[in-house]
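So the protein sequences, as listed, match chains A and B.
Read in order, the letters of the first sequence correspond to residues 1 to 298 in full-length UniProt numbering.
Read in order, the letters of the second sequence correspond to residues 1 to 305 in full-length UniProt numbering.
Among these hints, one or two may not hold up.
[Claimed, not checked] Cut-off 30 Å, straight-line C-alpha distance, at most; resulting in silico cross-link-like pairs (DSBU-like, lysine-lysine): (1) K124(A) with K70(A); (2) K21(A) with K292(B); (3) K109(A) with K70(A); (4) K109(A) with K196(A); (5) K271(A) with K194(B); (6) K13(B) with K152(A); (7) K271(A) with K95(A); (8) K291(B) with K21(A); (9) K44(B) with K115(B); (10) K157(A) with K84(A); (11) K4(A) with K202(B); (12) K4(A) with K163(B); (13) K115(B) with K163(B); (14) K7(A) with K194(B); (15) K194(B) with K4(A).
These aren't lab readings, by the way, just hints derived from the structure by calculation.
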Amino acid sequence: AFPKRVKVVEVGPRDGLQNEKNVVPTPVKINLINMLSDTGLQVIEATSFVSPKWVPQMFDHTEVMRGINKLPGISYPVLTPNLKGFQAAVAAGAKEVAIFGAASELFTKKNINCSIEESLERFKEVMTAARTASIPVRGYVSCVLGCPYEGKISAAKVAEVSKKMYSMGCYEISLGDTIGIGTPGSMKEMLTAVMKEVPVGALAVHCHDTYGQALANILVALQMGVSVVDASVAGLGGCPYAQGASGNVATEDLVYMLNGLGIHTGVDLQKLMDTGTFICNALNRRTNSKVSQASCRL
Amino acid sequence: QESQGSGLPEYIKIVEVGPRDGLQNEKVIIPTDIKIELINRLSKTGLPAIEVTSFVSSKWVPQMADHKEVMRGIERHPGVQYPVLTPNLQGFHSAIAAGATEVSVFGAASESFSKMNINCSIEESIEKFEEVAKSARNMNIPVRGYVSCALGCPYEGNILPAKVAEVSKRLYSMGCYEISLGDTIGVGTPGSMKRMLEAVMKEIPLSALAVHCHDTYGQALANILTAIQMGVAVVDSSVAGLGGCPYARGATGNVATEDVIYMLNGLGINTGVNLYTVMEAGNFICTALNKKTNSKVAQAYFNTG
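Chain A on its own, in the form it takes in the complex (with noise of 0.2 Å):
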């Protein structure tokens, strides 16, 4: 049986933007929220307080989070690597904030140049500071079915890192398929391990499709009792790791899924549609959603 109710997470002007090769200027940015936040969408992660050395196209954080209109019962998560990030964050107006784990110690050296109990030394930061501001904190857990440095990773220590993450506090975790190349059969054996040490209410799966797997991994998701779901507008977002390859699955497919199953998002699948079109306009892409290209007709 499937959930009755499903949030969306949108991630498309953080994940999505980030990982696209063209930089999209504030005010672009800034309407490209505001109209997400028309659709009916519940949670929209904002953008990332990272050093613009190392991520450019999140340089205008700040003024991006100050910009947004901030409607009542929409959250707007962003992401916080560091302490330094989080207070940033806070006093540009941010109440939730993201921290990032991966379930692979190489992914994690070449990423953020650490070892994974480190990077959750530096998160204990984040979180002491966030408990004391009443500030929900999000955990990511990436490449929990596959690292394109180490190849496979083993279920045990996806659920190890969830069950840390969880323990330290936060409220929901992101189990992220990175670079796309889980499929129904690895996703089902990684949940089963990790909703032994997290509560499957407490879960969330973010997943890429760059090997068109991601909409069959979210339903074997939905058959578990999973009733979080992360997706980008348009499928903004490449592959960092596979040039020319696709990244996030479409926030359009994704509904459009959604609502043939019967579950409720409250998301209006139109306006959905025309934010990806208006954002595609102004990156001078085409979609990568099917459900739009579709709709552009007979």
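Based on the hints, put chain B in the right spot on chain A.
Below, chain B without anything else, positioned relative to chain A:
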């Protein structure tokens, strides 16, 4: 037979429709020798069935004008079936004369679609197919039946699962050994796939069912997964996702064989097909068509630095 006690089939037969359904719906018409080369390459991948061409008038389907030459020109590998489409008795005889040893007929679950596509009602089309099935039976030629618009119609919209079951049963009763249920415009989702299969499975044994999903709305793999979870063990697909959608300009059509195999491999389901050789065949035909592949697996594979 279940795979690792997961409830899924242990083996799934992939029916490769690229050379027919794929090329038929591509804008560029490719030369006969390239078609033959494509089919010969596919014959070496382990695919158990490859739909070769269509014995239909070139007035209607110019891309399949060379059906006789293709049928006569391809290598026939042992253990591989090479079905061809035969819309009527005339096409059937022509196919047999050219060496075909298996044929397919195309019904639809929508009256409007049947009228617009082949200019007759569902009932009239069934009568034509019965003639083909009768001749085929006399000659020991297996016949595969397709049902189009199983999850929705470009003209009628929603299609009742009961209607799909009714048409499927007519085709099965006349002697079709397998019924391929086609989501012709790709509008289906796991919800509608489940409801449709539940209705059809009341009339047709599971082992005689196949799904033919289009990826126009990105739902194909999720729909196929739903079907195989219900025990369906035959899946149609098209190398490189060849074949756009004639009802939604610029949109995609067939699901890519490479992406299906990738998923089935990940589920531990045996197909007998070598993914890498299919990707190579896909690369070959996309180069010939001067187009990018629609397979995400092929895109990722050929682009990983």
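List, from low to high, the hint numbers that the structure doesn't satisfy. 3 and 9
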